[in-house]
Amino acid sequence: MHRWSQTLIPTTREAPADAESPSHILLSRAGYIRKLGSGIYDYLPLAWRSLRKISQIVREEMDATGAAELCLPVMLPIELYAGTKRDVDYGDLLFKVTDRKGAVAALGPTHEEPITELVRGSINSYKQLPLSLYQVQTKFRDEARPRSGLLRCREFIMKDAYSFHMEVEGAGGLNETYDAMYRAYSNVFKRCGLDFTVVEAEAGPIGGSASHEFMVNAASGEDTILKCPVSGYAANVEKCEIGVREVSGGAFDGSPTGELAEVHTPNLPGIDEVGKFMKVKPDRMLKTIVFRVVGDAPTKWVLAVVRGDHDVNEGKVKSVCGHQVELAPEKEARAAGFAIGYVSPRAVNSVPGVLMLVDPDVAGGGFWATGADKPDHHVKHFNWKRDVGEKLGDPRYVKLADVRNALAGDPSPRAAGARLETGRGIEVGHIFKLGTKYSDAMDLKMLYKEQQRSVIMGCYGIGVSRTMAASVEQNHDENGIIWPAAIAPYHVLITLMKPDQASHVEAAGRIAASLSEAGLDVLIDDRDERPGVKFKDADLIGVPIRLTIGDKALAEGGVEFKLRRDVAAKGEVVRLDQVTSRCSSAL
RNA sequence: CGGGGUGUAGCGCAGCUUGGUUAGCGCGUUUGACUGGGGGUCAAAAGGUCGGCGGUUCGAAUCCGCCCACCCCGACCA
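FYI, our numbering numbers position 441 of the first sequence as 477, with every residue one higher than the one before it.
No wet-lab data here; the hints were simulated from the structure. Every residue, glycine too, gets a C-beta built ideally from N, C-alpha and C. Any given hint could be a false lead.
Subject to a maximum C-alpha distance of 25 angstroms in a straight line, what follows is the list of computed PhoX-like cross-link-like pairs (lysine-lysine) [stated by the list, open to error]:
{"id": "1", "residue 1": "Lys588", "residue 2": "Lys606"}
{"id": "2", "residue 1": "Lys354", "residue 2": "Lys263"}
{"id": "3", "residue 1": "Lys71", "residue 2": "Lys572"}
Per label pair, the in silico range of CB-to-CB distance [unchecked claim]:
{"id": "4", "residue 1": "Lys132", "residue 2": "Pro81", "range": "27 to 37 angstroms"}
{"id": "5", "residue 1": "Glu514", "residue 2": "Pro431", "range": "53 to 63 angstroms"}
{"id": "6", "residue 1": "Arg618", "residue 2": "Arg95", "range": "23 to 33 angstroms"}
{"id": "7", "residue 1": "Arg70", "residue 2": "Val266", "range": "45 to 55 angstroms"}
{"id": "8", "residue 1": "Val266", "residue 2": "Lys435", "range": "24 to 34 angstroms"}
Just need the whole structure built from these sequences, with the hints factored in.
So this is what it looks like as C-alpha cells:
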C-alpha cells in the first residue's frame, strides 16, 4: 500500500511538444516516463511497477519452459564480434564506448555473442544439452530515428532467451523448445491482458515457418499484418504469401491494344507522376525492378515485374530465383544496359544473363504502359507476346511468380475463396530458429554421434518496455490510460475526498489493509487537492478500480466503487465489509 | 544519410520579419482569503546564461556565421 504523497507521480495537463503517439502522450502526462535524451527515458515509480509486473509474468512463463535466468554484461568487448562480424553488420546501430586504455566495447543490442561464448566455455558435452537461458535486461541500439516514446527507444528493456541443441527434431531438439517458447509467449501476452496476433515472419536459415512475431493489435502500430479470416493464417508483409491468382485470358496471351507508342516523359520521378502525365492509372503500368545476383552464377540480373501500384517483395524474389539478390547498384545496372527508371520487360532480351519474374497480376492482356528502355521515355500499348516474344515460354528466362507484397483483398494462401484482411500491429515478441549461424562463427561445437557438430540455437525476444507502451496504445481513451489489471501499477486507487478528516483517512487505511491482505496493490490518493484534480489524475494514470471515500457514500455506510473502463458509469456505493471481495472479483 | 522544422521560466507558447525601457502570456509553483464531488475564484509573489560560441552594432532573444541538441517525413529497423 502506497500513498500518493509519498511517491513520485508528476502528472501534467499538457504533454511535451514532441509526444505524438497515444502511449507517449499518456505515459508522459500520467507521470510514468520522462525523456532524458533522444530515445532515452526515465522510468518513474508507476512505470517501474508496471514493468516489474510484465517482467514477472515473463519470468514465470520462461521458468515454466525450463529456461534458467542469468544476467550478462551490457558492455561487450568489441573483439567478441570478431567471428560474427556483427559489429560491421549492425553498423551505426551499435553503441560503442571507449575505455581509458582505448579499448572499445559495444553496448549490447542483443546477446547472441556473449551467450554463445559463455556456453562454449562452460558446456563440454552434448549430454548437457538442451539448455535454455534468458535474461531481462537493458538493451542499447543507436536507432537512426527513435520515435513514439517507449515504442522505439535507444535504451530499452528486453527479455532475451537462447536455446542450445544438437538436433532440430525430436526430444530435446530445437523445434521442441521453439514450440514451448511459442506457447510461453502466447501465455505471456494473454496474461498481460493484450489483444495480439501471432504472425509468420521472415523464414530463418532452417526454412519452414522458422520465425514468428507476436504483434499487439493497435491502429497506431508501425507494422502491417495480414490475416486470413477463414484459416487463421497471419503473416507480416515481408512474409505473407498470396493464394493462387488466375491470370485473366491466360498468361502472356492477350492481343495488342494498339501500336507501341513512345511518350516523352522528362523529369518525372515516380510512377504516380508518369501515370498522371501519360493519363494512365498506376494499375495499368508495369514496374520493373532490377536486382543484382550476389555471388557467382550464370544469372547476373533478376528483373521483377509488378503492377505500378504494387510493391516488389525482395524476399519472394530471392526464394523464387534461388539466389541471394540485392537491389542493383544504379551505376552497374546502367553499365550493363538497363535504363534505370525506364526499364521494361523487354530488357530480358536486350541484356544477357537476365531472369525475369512476372507477377500474375501483370501477366494478362489488355492495355499496359511501361518504360521505353531509354531515359525520359515510356511506352503505351505494351503487349507481352509481341514485345517480349519467345523467352516468355522458357522458364530459364521468364517465370510467372508471386513476387509482390500482399494486400488486403488478395486471395488467402490457406483457404480457397477467402480474402486476406489487413491490420496494424506493434511487434512485442519475436521467436527465431537461429540454426548454427553463431555456433559456426564462434566455434561452439560438441562431439556428437562421433562427429564435431555445431550446436543448433534458437533465440527468443520480448520487448518488455515496448509491451508496456503497446498496452497503452491498445487500451486508452481521451481521459487517459486503461490498464489491464495484470500489468497495472496498482489494482485499486483509493481517492480520499477529505484527506484531512480523520474518519475518512481511517476508513481508507482499513480498506487498503484489507485489500492488501487479499493480494491487491493499493494506492491512496491522500493529496490535499480539489476533487476534480484527483478524478482527472485517477483517469489519467489508469488504475483499474477507483474507490472514492467521501461523506456521501460514508453516510450510506459504504464507499464509491468505479471501474476505470466503465467510462460512462456512475460510482456505485459498496458496503465497507464487501469492498474487498467486490474488488477482487472485478479484476 | 536526404528533406523539413524547433530551441525563450517546471510544461505549453508569443515576441524575431522591421535590433532600442524592466522579455511577455496560459498552465503549474509559493503565500493569503474565499471555496470544496470532474483540472474553482480573487489577490499578491517567486521563477529566465532567450541552446552554445563567435561576429556585426552605440545597443542583439531579434541580423550574420559556426556548433550543439531535439522533433517530423523518408531511407533504415536481428
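Hints and how they fare:
The hinted pair formed by Lys588 and Lys606 meets the criterion: a straight-line CA distance of about 13 angstroms does not exceed 25 angstroms. Between the alpha carbons of Lys354 and Lys263 the distance comes to roughly 23 angstroms, so the proposed pair stays at or under 25 angstroms and holds. Between the alpha carbons of Lys71 and Lys572 the distance comes to roughly 23 angstroms, so the proposed pair stays at or under 25 angstroms and holds. Separated by about 32 angstroms at the C-beta atoms, Lys132 and Pro81 satisfy the suggested range of 27 to 37 angstroms.
Look at Glu514 against Pro431: about 58 angstroms separates their beta carbons, and that is inside 53 to 63 angstroms. With their beta carbons about 30 angstroms apart, Arg618 and Arg95 fall inside the hinted range of 23 to 33 angstroms. Taking the beta carbon of each, Arg70 and Val266 are about 46 angstroms apart, inside 45 to 55 angstroms as hinted. A beta carbon spacing of about 29 angstroms between Val266 and Lys435 agrees with the range 24 to 34 angstroms that was offered as a hint.
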